[in-house]
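Asks: If you read the protein sequences in the order shown, they are chains E and W.
Reminder that position 36 of the first sequence reads as 37 in the numbering used here, one-by-one numbering, no gaps.
Reminder that position 59 of the second sequence reads as 120 in the numbering used here, one-by-one numbering, no gaps.
In case anyone wonders, no lab produced these hints; they're calculated from the structure.
Among the hints, a few may not be true.
[What the hints assert, rightly or not] For lysine-lysine, the following DSBU-like pairs were computed, each having C-alpha atoms within a straight-line distance of at most 35 Å: (1) W/LYS112 to W/LYS131; (2) W/LYS112 to E/LYS58; (3) W/LYS97 to E/LYS58; (4) W/LYS171 to W/LYS97; (5) E/LYS10 to E/LYS58; (6) W/LYS171 to W/LYS112; (7) W/LYS131 to W/LYS97; (8) E/LYS10 to W/LYS97; (9) W/LYS131 to E/LYS58; (10) W/LYS171 to W/LYS131; (11) W/LYS171 to E/LYS58; (12) W/LYS171 to E/LYS10; (13) W/LYS97 to W/LYS112.
Residue-level listing of the chains:
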Amino acid sequence: DSGVTQTPKHLITATGQRVTLRCSPRSGDLSVYWYQQSLDQGLQFLIQYYNGEERAKGNILERFSAQQFPDLHSELNLSSLELGDSALYFCASSVGVGANVLTFGAGSRLTVL
Amino acid sequence: GQQLNQSPQSMFIQEGEDVSMNCTSSSIFNTWLWYKQDPGEGPVLLIALYKAGELTSNGRLTAQFGITRKDSFLNISASIPSDVGIYFCAGQQAGAGTYKYIFGTGTRLKVLA
């Protein structure tokens, strides 16, 4: 157990729908990162939050949004889902925003039918 | 999306053999991390490197931060069946107040007993 909790573990939904993925960072970590991993692909950086504020943005689609709440948990919202959004979505956390290692959760597998 | 070039893409080796993989970029990075991912799981940190030229070991694993700060290497000695998985490098860029990590494309390792 890495200490980073992601829910749900699996999610199946239809095109056009909206889903929310949730992440609780490791105790003491203030920074949360979201990554997308499509089948047999690498990890694509989506967005980073530090203590409630957005700090870095990757290739996150406009249909996707995220936020980090005062209790430091984060949610990734995916809307108007397309088949190509099917992927593993990983959350990672770190202590700060600088040269810190990332601790990953087990991921949320999204399948869009 | 932005990714680091990682090679080889995949490799099959015999148990007991040594393994080498590397990660290269045209950009300079301040931190290099190496992760291992088992199927359906989140990446797990193997080694973290913070200084150019740094050589760090973790059991049978050894990683180096390239002098140019544009590359990193991971070596696994005397491979065993449980070494099978996908190995990712990650480089951290710093600038304009952001510290996002960019991941490599992954090296898929299969060990033949």
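Asks: Holds or violated: W/LYS171 and E/LYS10, Cα atoms, limit 35 Å.
Replies: holds, 26 Å
Asks: Given the proposed pairing of W/LYS171 with E/LYS58, does the C-alpha separation stay at or below 35 Å?
Replies: holds, 34 Å
Asks: Are the Cα positions of W/LYS131 and W/LYS97 separated by 35 Å at most?
Replies: Holds, at roughly 21 Å.
Asks: Assess, step by step, whether the Cα of W/LYS131 is no farther than 35 Å from the Cα of E/LYS58, and give holds or violated.
Replies: holds, 22 Å
Asks: Starting from W/LYS171, check that the Cα of W/LYS112 is at most 35 Å away, please.
Replies: holds, 30 Å
Asks: Compare the distance between the alpha carbons of E/LYS10 and W/LYS97 with 35 Å, and conclude whether the hinted pair is satisfied.
Replies: holds, 20 Å
Asks: What's the verdict on W/LYS171 and W/LYS131, does the C-alpha distance respect the 35 Å limit or exceed it?
Replies: holds, 27 Å
Asks: Do the alpha carbons of W/LYS112 and W/LYS131 lie within 35 Å of each other, as the hint requires?
Replies: Holds. W/LYS112 to W/LYS131 sits at ~12 Å (cutoff 35 Å).
Asks: Against the 35 Å threshold, does the CA-CA distance of W/LYS97 and E/LYS58 hold or violate the hint?
Replies: Answer holds: W/LYS97 to E/LYS58 is near 24 Å, not above 35 Å.
Asks: Mind checking the alpha carbons of W/LYS171 and W/LYS97 for me, to see if they're no more than 35 Å apart?
Replies: holds, 13 Å
Asks: Given the proposed pairing of W/LYS97 with W/LYS112, does the C-alpha separation stay at or below 35 Å?
Replies: OK: W/LYS97 and W/LYS112 at ~21 Å, within 35 Å.
Asks: Does E/LYS58 sit within 35 Å of W/LYS112, going by the straight-line distance between their CA atoms?
Replies: holds, 25 Å
Checked against the numbered hints above, the structure breaks none of them.
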